[in-house]
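Visitor: Please build the complete structure, drawing on both the sequences and the hints.
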Amino acid sequence: MPSARRAARRPLGLAAFAWVAIALYLAFLIYPVLQSLLMSFTDRNPLRANSNFVGLENYRELVVDERLRTTLVFTITVVVVVTLVANAFGLGFALLLNRQSLNYRIMRTLVFIPQVLSGVIVAFIWRSILTENGLLNAALQQMGLVTEPITWLGSTQMATISLCAVVSWITIAFATVVYSAALRSVPPSLYEAATVDGAGPLRRFRHVTFPMIAPGTTITVVLCLITTFKLYDVIAVLTGGGPANSTQSTAYYLIQVAFTNNLFGYSSAIAMLLLVLTAGMAYVITHLLRKREGRL
Amino acid sequence: MKLLRRKITAAVAVAAALTLTACSTSEPTPAGSTELSFLTFETPALTAKFWDDSITDALKTVPNVKIKKITAPTTDRNAYAKQLQATGQLPDILASINPKDFIDANLLTAFEQDWLKANFLLPEANNIKGKTYIPPTNSQILPMVFYNKDIFAKNNLTVPKNWAEFMSVVTKLKAAGVTPIELAGAEPWSASMPLVGLVSANVLGKNKNWIQDRYAGKTKFTDADMAAAVQKQRDLIAAGAFASGALGVNYADANKQFLEGKSAMYPMGSWFIGQIKPDQAKSFGTFMLPTDDGSLVVPFNVGGTTAVSSKAPDVAKAVAFAKSWSLSPNNLKVLIETDGAFPMLKNVKLQDFGATVTPVFTDAYALVGQENTKVSSIGWVNNDDALPPGVSDLFYALSQQLFTNGDVAAQLSALDKAWDKAAGK
Numbered sequence: 001m002p003s004a005r006r007a008a009r010r011p012l013g014l015a016a017f018a019w020v021a022i023a024l025y026l027a028f029l030i031y032p033v034l035q036s037l038l039m040s041f042t043d044r045n046p047l048r049a050n051s052n053f054v055g056l057e058n059y060r061e062l063v064v065d066e067r068l069r070t071t072l073v074f075t076i077t078v079v080v081v082v083t084l085v086a087n088a089f090g091l092g093f094a095l096l097l098n099r100q101s102l103n104y105r106i107m108r109t110l111v112f113i114p115q116v117l118s119g120v121i122v123a124f125i126w127r128s129i130l131t132e133n134g135l136l137n138a139a140l141q142q143m144g145l146v147t148e149p150i151t152w153l154g155s156t157q158m159a160t161i162s163l164c165a166v167v168s169w170i171t172i173a174f175a176t177v178v179y180s181a182a183l184r185s186v187p188p189s190l191y192e193a194a195t196v197d198g199a200g201p202l203r204r205f206r207h208v209t210f211p212m213i214a215p216g217t218t219i220t221v222v223l224c225l226i227t228t229f230k231l232y233d234v235i236a237v238l239t240g241g242g243p244a245n246s247t248q249s250t251a252y253y254l255i256q257v258a259f260t261n262n263l264f265g266y267s268s269a270i271a272m273l274l275l276v277l278t279a280g281m282a283y284v285i286t287h288l289l290r291k292r293e294g295r296l
Numbered sequence: 001m002k003l004l005r006r007k008i009t010a011a012v013a014v015a016a017a018l019t020l021t022a023c024s025t026s027e028p029t030p031a032g033s034t035e036l037s038f039l040t041f042e043t044p045a046l047t048a049k050f051w052d053d054s055i056t057d058a059l060k061t062v063p064n065v066k067i068k069k070i071t072a073p074t075t076d077r078n079a080y081a082k083q084l085q086a087t088g089q090l091p092d093i094l095a096s097i098n099p100k101d102f103i104d105a106n107l108l109t110a111f112e113q114d115w116l117k118a119n120f121l122l123p124e125a126n127n128i129k130g131k132t133y134i135p136p137t138n139s140q141i142l143p144m145v146f147y148n149k150d151i152f153a154k155n156n157l158t159v160p161k162n163w164a165e166f167m168s169v170v171t172k173l174k175a176a177g178v179t180p181i182e183l184a185g186a187e188p189w190s191a192s193m194p195l196v197g198l199v200s201a202n203v204l205g206k207n208k209n210w211i212q213d214r215y216a217g218k219t220k221f222t223d224a225d226m227a228a229a230v231q232k233q234r235d236l237i238a239a240g241a242f243a244s245g246a247l248g249v250n251y252a253d254a255n256k257q258f259l260e261g262k263s264a265m266y267p268m269g270s271w272f273i274g275q276i277k278p279d280q281a282k283s284f285g286t287f288m289l290p291t292d293d294g295s296l297v298v299p300f301n302v303g304g305t306t307a308v309s310s311k312a313p314d315v316a317k318a319v320a321f322a323k324s325w326s327l328s329p330n331n332l333k334v335l336i337e338t339d340g341a342f343p344m345l346k347n348v349k350l351q352d353f354g355a356t357v358t359p360v361f362t363d364a365y366a367l368v369g370q371e372n373t374k375v376s377s378i379g380w381v382n383n384d385d386a387l388p389p390g391v392s393d394l395f396y397a398l399s400q401q402l403f404t405n406g407d408v409a410a411q412l413s414a415l416d417k418a419w420d421k422a423a424g425k
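The listed protein sequences derive, respectively, from chains Z and F.
Quick note on our numbering: the first sequence kicks off at 1 and runs consecutively.
Quick note on our numbering: the second sequence kicks off at 1 and runs consecutively.
Worth flagging that the hints you see were computed from the coordinates, not collected in a lab.
Where is the CB? At the ideal position from N, CA and C, for every residue including glycine.
Watch out, some of these pointers could steer you wrong.
[Stated by the list, open to error] Listed below are several chain F residues computed to face chain Z (Cβ distance under 8 Å; list not exhaustive):
no.: 1; residue: Ala79
no.: 2; residue: Phe102
no.: 3; residue: Ala105
no.: 4; residue: Pro188
no.: 5; residue: Ile237
no.: 6; residue: Asp253
no.: 7; residue: Leu327
no.: 8; residue: Gly390
no.: 9; residue: Ala397
no.: 10; residue: Gln401
no.: 11; residue: Ala422
no.: 12; residue: Gly424
Guide: See the structure below:
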């Protein structure tokens, strides 16, 4: 059948939905990104109607801004920790819950709850748990494990650890679901063949499960990385970027620069940097993991 | 197929139309009436009911105006006002913003000097470049040191008169196993209270114009007097004046712990008076953070609520509402009782408000009326002495940083750099 006639038979009415989706994508993603890019070359102040073109001045500032450097180091630390922890625990939970009975299906649903809740709600819940007079200290003291309450959010190190733990808790839920789906796609015949060949549980995992769930690993690692790189909501509620600005992510700093210091132009340059870093890192890691998938 | 395509197109059109109409559903404004938006914020003392009641009360004398209340998502209404302005939605009336951030862009309307002089005790207290954008309705002392009289009596302590005595009190309380100073260290603004007191008393107490001199480049944060004042905070930390987990304690928990007698002193804004119930009042007193030589310095801030946008659809009506709100005795009565606000109305005495206040309030309020050394509470005032955008937040954060970083000189140098950058030097 000629291609023109095949095209004529397609339900063209559905194109309307595609155009709506494309319009929304352009309006709410591409247009703001382009506007932000243009703004990064100006001294735009949210309180002033006019702004001036300043060329690469904001990008030069990125190089010498010590606070930005500190937030980048913090953000990358959280990204690395959360990605590793979420993948390790997500895979572990998925293996434990990889059964078909109703109980396991319910447990899989429960594990996913942190991902369904908004980051703000999760952070509020954890803040009430982690405060000095919170649930965790009360429980630890009741059990006689500590005599003095631990300041989970009160020192720079503990606040960083607590934040990583909370973000990991949210992300583990997502990783568990992806790994569960990946595990269910592994043909049972492969396990049967491996068992016949005398492979024990560890060897079955090493030589069957791990290679077969590689696409799931790629998805989980890349999405963990992207979502953690732009982390803002949990920080805003849980630590407020403190104590002493020690838990400020780059996204959090960006908002401060824009709305506290009134520097929209410079904050747009930070946003561009964040976009390039996230996209670049996602591309490199996807590329490496895809190559790994091929090798496995 | 054609029919299906038409149906789908129609469905999309209807959905789009519904989406658009959903964006514009609101109660119609009565004919001849003007709708004005009012940006508010909520705290434990300033509840949604307070704002609703205060709007109703203010509208009694302003006919043909309908107020649409907007509540900031957090207490940082200043940042929210900027977000709204950035999207062309600056509210017509704004509660307790920092006007200095907005006036360079001519976004606010100044109140008439005659009206200010006729109604307020300190009509020029909120002046910025000779104009007032927030009516000076009430004042605060921040910080003042609240202390637990029972703990002091139990440990044979008296109110310290100078810095050496203050440090001695801290040492004795620590030795007695009492947390000497409560600190709401989790949030930078509340963590800053001791530092604000130390700098206001020891630096601005000697040079009232220090902030203006800093703008002019005549003073710096790295100057010896500033470094000495900030070092006092380090000395307090080293002496164990604060609980080990102080940076993890939020404002609500700190209030609770101090009121329950778990600590002896609490440097906080005078609004904390509103948290002390009448039956608790006999156990608490206040004093100013002492200076080296014992001279009294009162860190002072004249507040107020209603700023008016110059872009309001009817600026005259917005100003009329702002004036009515600011002069409403009912509104001030609530602020006096719940927020420890010291009224600054010219023709209305404290007793005229009919507010129930404790001796803690009246003792502190006496300092407002007395002739004494009042200085701008650094980082908190809304007049010419307001710090450049973003610098207040860095100053607040410094008080937290001092817990882990003893390099006072380097941190003050960073603050100088941030000031120069923010002030455009």
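Visitor: For each hint, tell me whether it holds in the structure or not.
Guide: Outcome of the hint check:
{"no.": "1", "hint": "Ala79", "result": "holds (4 Å)"}
{"no.": "2", "hint": "Phe102", "result": "holds (6 Å)"}
{"no.": "3", "hint": "Ala105", "result": "holds (4 Å)"}
{"no.": "4", "hint": "Pro188", "result": "holds (6 Å)"}
{"no.": "5", "hint": "Ile237", "result": "violated (12 Å)"}
{"no.": "6", "hint": "Asp253", "result": "holds (6 Å)"}
{"no.": "7", "hint": "Leu327", "result": "violated (29 Å)"}
{"no.": "8", "hint": "Gly390", "result": "holds (4 Å)"}
{"no.": "9", "hint": "Ala397", "result": "holds (5 Å)"}
{"no.": "10", "hint": "Gln401", "result": "holds (4 Å)"}
{"no.": "11", "hint": "Ala422", "result": "holds (6 Å)"}
{"no.": "12", "hint": "Gly424", "result": "violated (10 Å)"}
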